[in-house]
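Participant: Chains as they are written, first to last, in the numbering used here: chain A, 1 to 233; chain B, 234 to 466.
Simulated from the structure, these hints should not be mistaken for lab results.
Careful, some of the hints might be misleading.
Over 12 Å on every C-beta distance to chain A, these chain B residues come out as not near it, computed from the model [stated by the list, open to error]: (1) Ile244; (2) His309; (3) Arg323; (4) Ala324; (5) Ala334; (6) Ala407; (7) His429.
Cβ pair distances, simulated, as ranges [as the list claims (entries may be wrong)]: (8) A:Glu114 with B:Arg376: 27 to 35 Å; (9) B:Asp236 with A:Gly26: 49 to 57 Å; (10) A:Ala54 with B:Arg462: 42 to 50 Å; (11) A:Ala79 with B:Asp297: 48 to 56 Å; (12) A:Asp210 with B:Asp297: 40 to 48 Å.
Note that the coordinates shown come from a computational prediction; the quantities given were computed from them, not determined experimentally.
The beta carbon of each residue, even a glycine, is placed where N, CA and C say it ideally should be.
Number of protein chains: 2
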Amino acid sequence: MADYTLFYWPIPFRGQFVRAVLAHAGKDWDEPGADAVAERMEADVAAQPAPFMAPPLLHDRAADLYLAQLPAILAHLGAAFDLIPEDPRRAALTHKIVGDAHDVLEEVTRHGGEQMWTQSDWDAFFAGRLPRWMGIFEETGLRHGLGRESGHILGTEGPGLADLVTTILWFTMADKLPRIEDCLQRAAPRVAALSHRVAALPAIVDMRADTDARFGDVYCGGEIERSLRRVLA
Amino acid sequence: MADYTLFYWPIPFRGQFVRAVLAHAGKDWDEPGADAVAERMEADVAAQPAPFMAPPLLHDRAADLYLAQLPAILAHLGAAFDLIPEDPRRAALTHKIVGDAHDVLEEVTRHGGEQMWTQSDWDAFFAGRLPRWMGIFEETGLRHGLGRESGHILGTEGPGLADLVTTILWFTMADKLPRIEDCLQRAAPRVAALSHRVAALPAIVDMRADTDARFGDVYCGGEIERSLRRVLA
Numbered sequence: 001m002a003d004y005t006l007f008y009w010p011i012p013f014r015g016q017f018v019r020a021v022l023a024h025a026g027k028d029w030d031e032p033g034a035d036a037v038a039e040r041m042e043a044d045v046a047a048q049p050a051p052f053m054a055p056p057l058l059h060d061r062a063a064d065l066y067l068a069q070l071p072a073i074l075a076h077l078g079a080a081f082d083l084i085p086e087d088p089r090r091a092a093l094t095h096k097i098v099g100d101a102h103d104v105l106e107e108v109t110r111h112g113g114e115q116m117w118t119q120s121d122w123d124a125f126f127a128g129r130l131p132r133w134m135g136i137f138e139e140t141g142l143r144h145g146l147g148r149e150s151g152h153i154l155g156t157e158g159p160g161l162a163d164l165v166t167t168i169l170w171f172t173m174a175d176k177l178p179r180i181e182d183c184l185q186r187a188a189p190r191v192a193a194l195s196h197r198v199a200a201l202p203a204i205v206d207m208r209a210d211t212d213a214r215f216g217d218v219y220c221g222g223e224i225e226r227s228l229r230r231v232l233a
Numbered sequence: 234m235a236d237y238t239l240f241y242w243p244i245p246f247r248g249q250f251v252r253a254v255l256a257h258a259g260k261d262w263d264e265p266g267a268d269a270v271a272e273r274m275e276a277d278v279a280a281q282p283a284p285f286m287a288p289p290l291l292h293d294r295a296a297d298l299y300l301a302q303l304p305a306i307l308a309h310l311g312a313a314f315d316l317i318p319e320d321p322r323r324a325a326l327t328h329k330i331v332g333d334a335h336d337v338l339e340e341v342t343r344h345g346g347e348q349m350w351t352q353s354d355w356d357a358f359f360a361g362r363l364p365r366w367m368g369i370f371e372e373t374g375l376r377h378g379l380g381r382e383s384g385h386i387l388g389t390e391g392p393g394l395a396d397l398v399t400t401i402l403w404f405t406m407a408d409k410l411p412r413i414e415d416c417l418q419r420a421a422p423r424v425a426a427l428s429h430r431v432a433a434l435p436a437i438v439d440m441r442a443d444t445d446a447r448f449g450d451v452y453c454g455g456e457i458e459r460s461l462r463r464v465l466a
């Protein structure tokens, strides 16, 4: 039996962050099929392994813990695997980067497909808030070490949780969707370089090969991915 | 000069969580006007005190830190004021509750007013996801101490960060918007009782009196609050 069970849909998106951290830490995990995920999500709250609204849901067997909410899962694993700086200021900025990544996922998918992308809405986002988000990551990196010999929040030797989260956010989006990579190279060249470097680490390469083999060329799935590919075409 | 400066709009909503934690810890903070908030939010990223997309933005003078993202701010203050359990499992569940609260704020306001509420959409939410969210908090409390002599995540003697966040989420919504209190009493009676108890603590009473005096009877403000009040009428 694996150390962890990840209940998530057969797509990268939010689950990829959990997979990357587990893979980087050399941990084993299993992933039940979508039916098992849906069953737990839709159960009466009193019958859920932990009361939760939506996956990812992680079962940490050693800790006897079922945990939902991506930022909480990343905080938990980051602490367990020593991926969050001890310095309170750098720890706080790590959590801030997680929050930013979470917001970007929400915006790119219009909150899990609550609305579909129209071409004009996407064009405004692609010229406005998307590169601004990229610029927020780039400026965070510039102020906190990225591009120096060894950064103290981004570009750390480790890599730390902030590096892994930044990588999975931007590398995955650029890898799976057209036209994102060019935008990232222009708006956040150091973040682009960091994310390519971290995505090329052996454990992350193996994890990506595994999810590519299992899921194919998918990003967030569903109607919203079709809408994204239409406006990006 | 105060220990902290909170850059946020003149409304409760997200800012109220930060205010409650600062007030509970006996800290002083100041809040510049909305113009000062907008100016920092709209500045070029390179000119921002910290690269960020949207308030709340907290300046912690002693830590020489500007920090955005509500969950990151709460994690930072919670750690600084000893409001997060040391036990990793309980700490993780505290962060999970913060994530849940964050999601509820997003859903109730349709992500900051990206869409307005129609009556039929609201009715479905009010009969479905809203009481389910309340039930998730109630069940979390039931499993982790709420209603016992002293809980170990919710209903702690402290109160801890999880209690403060739960209180500010549900008490504020019920205090400012009609019809929420009845729904909460039905779907989550123990959480309703907890939130009334914590909201009645002297430091929280003073904080609420201050924000009521400054902001009046407002919850999240803007077009979306008008939309909420229309469907709740």
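Participant: Please go over all the hints and tell whether each is borne out by the structure.
Facilitator: Status of each hint after checking the structure:
With a closest Cβ-Cβ approach of about 19 Å to chain A, Ile244 (chain B) is found to remain outside the 12 Å limit, as its non-interface label requires. Against the 12 Å criterion, His309 (chain B) falls within the reach of chain A, whose nearest CB is about 4 Å from its own CB. The claim that Arg323 (chain B) lies off the interface is violated: its Cβ sits roughly 10 Å from the closest Cβ of chain A, which falls inside the 12 Å cut-off. Some Cβ of chain A comes within 12 Å of the Cβ of Ala324 (chain B); the nearest lies about 8 Å off, and the non-interface call is violated.
Distance to chain A contradicts Ala334 (chain B) as a non-interface residue, since its nearest Cβ pair spans about 10 Å, not more than 12 Å. With a least beta-carbon separation of about 20 Å from chain A, Ala407 (chain B) lies farther than 12 Å from that chain, consistent with its non-interface assignment. Residue placement check: His429 (chain B) keeps its beta carbon more than 12 Å from all beta carbons of chain A (closest about 21 Å). Look at Glu114 (chain A) against Arg376 (chain B): about 30 Å separates their beta carbons, and that is inside 27 to 35 Å.
Between Asp236 (chain B) and Gly26 (chain A) the beta carbon distance is about 42 Å. The supplied range of 49 to 57 Å is therefore violated. With their beta carbons about 28 Å apart, Ala54 (chain A) and Arg462 (chain B) fall outside the hinted range of 42 to 50 Å. Range check, Ala79 (chain A) to Asp297 (chain B): about 24 Å between beta-carbon atoms, so the 48 to 56 Å window is missed. Asp210 (chain A) and Asp297 (chain B) have their C-beta atoms about 42 Å apart, which keeps the hinted 40 to 48 Å range intact.
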